[in-house]
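Visitor: Residues per chain, in single letters:
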Amino acid sequence: MLLMKSLTLGEIDSLLRSLEPDYDVRVPIRLHDGTRALGGLDEGPLALAGGRIPQKITSVFFPQMETVLTMSGAAVEMQRPPARQLFVAGFTAQDADCLEFIDRFYGENFRDDPYFNKRRGAVIACVSGRCGPDGEFLKIAGKNCDIELICDGEKYLLAAYTANGRRLAQKAGGREAPGGLPAKLQTESDNLSTDDLELIRTASRLLLEQKVPDEFWQTISDRCIACTSCNLVCPTCTCFDVFDRKCGDAVRRWRVWDSCQLDGFMREASGHNPMGTESLRTRRRIHHKLAADVVRWGQLTCLLCGRCDEVCPTGIGIKAVCREMVAKYADAG
Amino acid sequence: MKRVLTTCPYCGTGCMFYLVVDDDGTLVGVEPSTEHVVAKGQLCLKGWNAYHFVNHPDRLMEPMVRKNGRLHTVSWEDALDHVVDRLGRIQAEHGNDSVAFFSSAKTTNEENYLMMKLARAVFKTNNVDHCARLCHSSTVVGLAATFGSGAMTNSISCMEQADCILVTGSNTTEQHPLIGSRIIENVVKRKARLIVADNRKIRLARLADIHVRPNNGTDVAFLNSIMNVIISEGLQDRRFVESRTENYEQLKRVVSGYPPAVAADICGIPPQEIIDVARMFAAAEKAMIVYSMGITQHTHGVDNVKSCANLAMLTGNVGRPGTGVNPLRGQNNVQGACDMGALPNVYSGYQKVTDPGVRKKFEKEWGVDSLPRQVGYTVTTAVNAAAEGRLKAVYIMGENPVISDPDQNHVRAALDKLDFIVVQDIFHTPTSDYADVILPAASYAEKDGTFTSTERRVQRIRKAIKPLGLARADWRILCEVARRAGYRKMDYGSASDIMDEIAAVTPIYGGVSYDRIDQVGLQWPCPQKDHPGTPVLHGGSFSRGLGMFSPAEYRPSMELPDEEYPFVLSTGRCYFHWHTRTMTGRSQLLEREERFSYVEISPEDAAQLRIKDRDWVHVATRRGEVRAMARVTDVAKKGVLFMTFHFEEEPANLLTINALDPVAKIPEYKVCAARIRCC
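Chains as they are written, first to last, in our numbering: chain E, 2 to 334; chain L, 685 to 1363.
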């Protein structure tokens, strides 16, 4: 059953602080120069409004670099679950969709223990409504999260979708919102443009039907400076490299985010590289999410969070490339 | 977990990001700053990996002193006493100028200021220099002579406003990636014209309206010929030339000797390409020159720089947004190290050591008598002096001349001859193999300070973690050395206090203080506390008053190909590594991407020599021979080889020539004669 409360920012702050004894609370905060990030309540002022946080939100479960095991003499100590489970607020609806996918990715065939150490039992809170950048309305998720904070322009409506969410919501102050979610907000959310979705669906079709020639990828890769930001901010990018490092008398095995835009990512020990050109790598990044994953996982794995378009220094994020692709090839029959 | 706002330690673009620190005090990532004026939430690959080397187990963590040929761990007290004692004795025996100090463009402004203060106020020598000598010393000299200020005239944001950009001798997308990306954005979105004048077919060349590939080292002839066309077709900005410049008649006379047919022969390109470039550049409302080491690292580097300045003045492209002469400074703080006077001829703010008034001012501020009057050794002439026995000791902070300086055998022989070497660094290097004392320094993530970016922006770095082991911030080490040497006026509570002293004695930094640059850095000149900084130089007038046309005649490079050594060898850097690889070689992904020394060779040359891609080959010059993996690519022009100098295992600088520009003393890294053969 949906539980709904109406909360001020102050009441949200109190709720979050009340969770701290039991949870490692991570929320959107504003850092020293105003950059928004996912952080602890004492790391900076709460910054729920403003849309997606710039970094991939799934980094809370799959950080840029982490120890996966420690070897000391003959003993091997695997990474342990954190002392407190995570409470993570700040997911957009698209972010929650991304999380749903990487839960599948890391859980269905092999089970990625370092990921699930943190993910298991974590409480996910989406933020939506009238609190996007420049007054933009953020889509209401309604799923793939435990609770959701939906901004009505003045206050936040707290909707709890799961048993875990309802338990936490009951701790919140504020007053119950018996009418549930105002129809106006739901309508506003339902009426959000689906142009981007149409765009990548069309692009996906073009790729699956092999209507995008190699020359196209060459023109895109000519503009790629291999910064790897598109991968590093993407909530559904899951690739990593592994390395060992001495630490006192022990050796720690770490993993670190990797990128399919790098030559060495696929290079074989022989020196051969099946993805040995820039255009092949550029193609791979987009083909993977819009074509290969459709076959492999039955879904598009670009869920339109928008981060790669924001972070790419040369304007070849996935939506920008799809726009060019569709403009060039969609009418080619 | 915490995040600390700081500035990237790699190139001079000056992107700010947050270091992510876990609860153990280990750096575990970076997050770009979305609010920073340059980064805008973006980073390049090295930026994304800039946390990685800091906690590497190879870090130097204890002071060491060499006894009986072996390095032994000692206390800080013993190490510092030893340094002061040995330097003092050597100076007593051989004179003050028998000791030299190599400062570092990787360290902060505060530390460079203190290094030059230590050299001058405490050890009474002007023998202080740093690696700007090897990259942009010709810029400092050339632009000071023509404009009156040896720095990038414009801001990085101007890259997005130019109507035409001439990129010459800069592989911008690899060496200043976010600046390169601004150029790409401008070309793709605003349809700005792009001219790439570079021997190599770099990424920007793929997007260029015109890509010209002049022979290495023919820049003066090429630029003179462009000006020849502009003048002969009446395309110059007459009003600008008349009202803002002097010596035009001499420029006209010199460039008249370089009609396209003549220059094309020297440059090895069709004359029409020169004409096309001249017309395109001169036609733009806002035209900009972007250059880097392809222009500076020549025995005629100063002439090259002056010729770029001449072209900008001739077309009226100075002093406005979207225009200018824009040397891209390589190191994170090479601009600052120059600004701080870690140079043998100037104090901070380019105040000349030969000026009695300036000396008097610093004597008063520093509380000392008789500051040295003679201009000191440069990094390159210091090595020569060591080889000849004129220099006896060197104190090296954060530099690695064995790998970075030309003609490695010469450098090794020079270091061998020195009586005493101090190396202050964060990792062991081939240079520290020669050290008598090693002082472990804190990395950029373990101290406070400022870096000055290529656009003259003074920005904060912040202590995110404690120094590893017993390492100390460079500025604290330098202060300790000064104190032990008996000097009392180098004692500071914080890096901020040092900046306050810098501001007091350095007019161009007069308005800089930590409270003003807490979030956004200031661009110098910033002379007063209420001055907003200066995004574009030379607006109303040049720093020297009128811009001085300084024409030069073409002079060939020192060592050209011949029958025995038929190729031109040019050296530089790749995208994944930084300089002598001490940091990037200890970053997992960066090291994985480029693990071997390689040599670029054109497909035509490779076919003729039966060299296949990824074959191991030998590259030799008159100085020596090294192994490298062949990279057969159309990036390389026929007859030209390109190697990076990152790899100590196969050092390209074993091959390079120790030939210097007569004024700037910069080595000719971009041209020497070589041969190549299969292994």
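It should be emphasised that the hints constitute simulated quantities derived from the structure, not laboratory data.
Predicted, not measured: the structure shown is a model, and the values here were computed from it.
Please note: incorrect hints may appear among the correct ones.
[What the hints assert, rightly or not] Straight line, CA to CA, 20 Å or less: simulated SDA-like cross-link-like pairs of lysine to any residue:
(1) L/Lys885 <-> L/Val1316
(2) L/Lys686 <-> E/Gly35
(3) E/Lys320 <-> E/Asp223
(4) L/Lys724 <-> E/Gly307
Visitor: Work down the list of hints and note, for each, if the structure agrees.
Guide: Comparing the hints with the structure gives:
Our distance criterion of 20 Å between C-alpha atoms is met by L/Lys885 and L/Val1316, whose separation comes to about 13 Å. Restraint check for L/Lys686 and E/Gly35: satisfied, since their Cα atoms lie roughly 15 Å apart, inside the 20 Å limit. For the proposed pair E/Lys320 and E/Asp223, the alpha carbon gap of about 17 Å is at most 20 Å, so the pair holds. Simply put, L/Lys724 and E/Gly307 have alpha-carbon atoms about 15 Å apart, close enough for the 20 Å limit, and the pair holds.
The earlier numbered hints are all upheld by this structure, with none contradicted.
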